[in-house]
Amino acid sequence: MLRLIRLSSSLPKVNIPKANKMPARPTIAEGDIKEKFIKGGSGKGGQKINKTNSKVQLTHIATGIVVTSQATRSREQNRKIAREILALKLQDLEDPANSRQRIVIERQKMVKARKNKRTKAKYETLEKNKQEKEDLLEGIDEIVFIDENSEPIQIDTKQSKQKLLKQL
Amino acid sequence: MPRPGAVAKYQRFLLKKLLPACNTLQQARRELFWIQKELPSEQWKQACIQRGRHLMPLQYILGNQPFGSVNIKCRPGVLIPRNDTEEWCSELVDVFRGSDTFSVLDMCTGSGCIALYLATELSNVTVLGGDISQDCISLANENIDVNKDIIKGKIKVDSMDLFQPLAGDKKFDVVVSNPPYIPTHELEKQEEVEKSVRLYEPRLALEGDLPVFKAMVTYYIIPSQCKVFILEIGSREQGQYTRSLLDESWVVGLRLDSAFRPRNVIGFRTDIESSIKRKLMTTIIELFKKQR
Ligand SMILES: C[S@@+](CC[C@H](N)C(=O)[O-])C[C@H]1O[C@@H](n2cnc3c(N)ncnc32)[C@H](O)[C@@H]1O
Numbered sequence: 001m002l003r004l005i006r007l008s009s010s011l012p013k014v015n016i017p018k019a020n021k022m023p024a025r026p027t028i029a030e031g032d033i034k035e036k037f038i039k040g041g042s043g044k045g046g047q048k049i050n051k052t053n054s055k056v057q058l059t060h061i062a063t064g065i066v067v068t069s070q071a072t073r074s075r076e077q078n079r080k081i082a083r084e085i086l087a088l089k090l091q092d093l094e095d096p097a098n099s100r101q102r103i104v105i106e107r108q109k110m111v112k113a114r115k116n117k118r119t120k121a122k123y124e125t126l127e128k129n130k131q132e133k134e135d136l137l138e139g140i141d142e143i144v145f146i147d148e149n150s151e152p153i154q155i156d157t158k159q160s161k162q163k164l165l166k167q168l
Numbered sequence: 001m002p003r004p005g006a007v008a009k010y011q012r013f014l015l016k017k018l019l020p021a022c023n024t025l026q027q028a029r030r031e032l033f034w035i036q037k038e039l040p041s042e043q044w045k046q047a048c049i050q051r052g053r054h055l056m057p058l059q060y061i062l063g064n065q066p067f068g069s070v071n072i073k074c075r076p077g078v079l080i081p082r083n084d085t086e087e088w089c090s091e092l093v094d095v096f097r098g099s100d101t102f103s104v105l106d107m108c109t110g111s112g113c114i115a116l117y118l119a120t121e122l123s124n125v126t127v128l129g130g131d132i133s134q135d136c137i138s139l140a141n142e143n144i145d146v147n148k149d150i151i152k153g154k155i156k157v158d159s160m161d162l163f164q165p166l167a168g169d170k171k172f173d174v175v176v177s178n179p180p181y182i183p184t185h186e187l188e189k190q191e192e193v194e195k196s197v198r199l200y201e202p203r204l205a206l207e208g209d210l211p212v213f214k215a216m217v218t219y220y221i222i223p224s225q226c227k228v229f230i231l232e233i234g235s236r237e238q239g240q241y242t243r244s245l246l247d248e249s250w251v252v253g254l255r256l257d258s259a260f261r262p263r264n265v266i267g268f269r270t271d272i273e274s275s276i277k278r279k280l281m282t283t284i285i286e287l288f289k290k291q292r
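Chains A and W, in that order, are what the protein sequence lines are.
Using full-length UniProt numbering, the first residue of the first sequence is number 1, and each one after it goes up by one.
Using full-length UniProt numbering, the first residue of the second sequence is number 1, and each one after it goes up by one.
Here chain A stands alone, though its shape is the one from the complex:
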């Protein structure tokens, strides 16, 4: 009995694949997509309005898949992020077994599970600053649900959120 308890409380050791061993980032040919810059709302544009966001929408012509990004303040960045997201989606669709998206998410889950385990063990030793910032991002997610009348929140996919987290 005692033995059993001990076993279940220490999780089996898992081998997490290295981050640099992930499948390569897929790319997408410019000829395969249509790009649109989405201007929300009405108004006359130009000098009369000062927008802080810059939404980029990509349509994959062959499949009709549409992705958008307005995660950063930079239109150039959003264009890059949208292309990355679309390429990942397409790869996932065409070759799920070797999809970078799936493998990266799986790895993230493993990392998270390991982290949770470690967090329990030595919570205090975690780098304080980093954790605080992650908590703040978690906080943002919680806010998603405060206003039920608002439009559903579009998180710009896990990838770009992870990326933003890295920039923080």
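Hints in this document: simulated from the structure, not taken from any laboratory.
The reader is advised that the hints may include incorrect statements.
List time: in silico DSS-like cross-link candidates among lysine-lysine, alpha-carbon distance up to 25 Å [what the hints assert, rightly or not]:
#1 K80(A) <-> K73(W)
#2 K21(A) <-> K112(A)
#3 K227(W) <-> K51(A)
#4 K214(W) <-> K55(A)
#5 K80(A) <-> K21(A)
#6 K195(W) <-> K51(A)
Chain W with the ligand: place on chain A using the hints.
Below, chain W with the ligand without anything else, positioned relative to chain A:
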């Protein structure tokens, strides 16, 4: 370390402060995210109040605006670069990529964003930015300095008054400009101009109409002997009027922005290189006819 619950509560508090300046909750979430990413935590609350309660433009709070691959410093007294402007600059760069070396005058340069966009994307360009405001000239110079590592072409800014003839007999191949184009009677109307713009951005940068386009043509476009010009406009009428000031050696057309609003008047002389002509024509949706 704050407990996660407390953090969420503080986030909600900040978000509420921001909300009046944002159309949607998602937009407020984005702005909060950017504030928290770019400013130290002790400034978050004040920033959210400045933005939400006082409607201060986010770019004045954060101190910058990305414009293409350029980072433009922003501060009160100088117009914040718009993404409608960024859009035509990116098309313009594609027109001139790979062509011979050419010179550009960016009249009413403000923060220097258009001039810098060209000079960072094109190595075959020499740009001169001109503005009447000393605040603009200083900021544009700072922006040149901030971006010096990515500048490929040549760039300079100088004091210039649109309503005075071009000094000396300077020649340019291309004239570009985003001049003040909001007519006086529209400037005060809240259904025309966003409140935050009216409250914080300089009137000098916004107010103008047909006389601006007249000065542009008679003092700059014609004397500089340029072959191509592209001007941002606020109405179709401003484009048609610009056309009326030029003779038949010019092809003059209208460009719409991505929201299908009249955004530019584009002109070129018929004797320019045909590849440039072709590319310019693809950005033009309709030719202005010279009315007699
Ligand atoms: C709409 S802002 C454009 C600024 C910048 N080019 C941009 O696109 O963000 C117009 C600029 O014209 C300048 N300006 C106003 N009157 C002028 C004049 N008479 N001569 C030269 N510049 C003038 C203002 O200082 C302002 O910077």
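A quick look at each hint next to the structure:
Using a Cα cut-off of 25 Å, the hinted pair K80(A) and K73(W) holds, with the two alpha carbons roughly 23 Å apart. A distance of roughly 18 Å separates the Cα atoms of K21(A) and K112(A); the hinted pair therefore holds under the 25 Å criterion. About 33 Å separates the Cα atoms of K227(W) and K51(A), which puts this hinted pair outside 25 Å; it is violated. For the hint pairing K214(W) with K55(A), the CA-to-CA distance comes to about 35 Å; that exceeds 25 Å, so the pair is violated.
Restraint check: the Cα-Cα separation between K80(A) and K21(A) comes to about 23 Å, which is no more than 25 Å; the hinted pair holds. At most 25 Å may separate the alpha-carbon atoms for a hinted pair to count; K195(W) and K51(A) meet this at roughly 12 Å.
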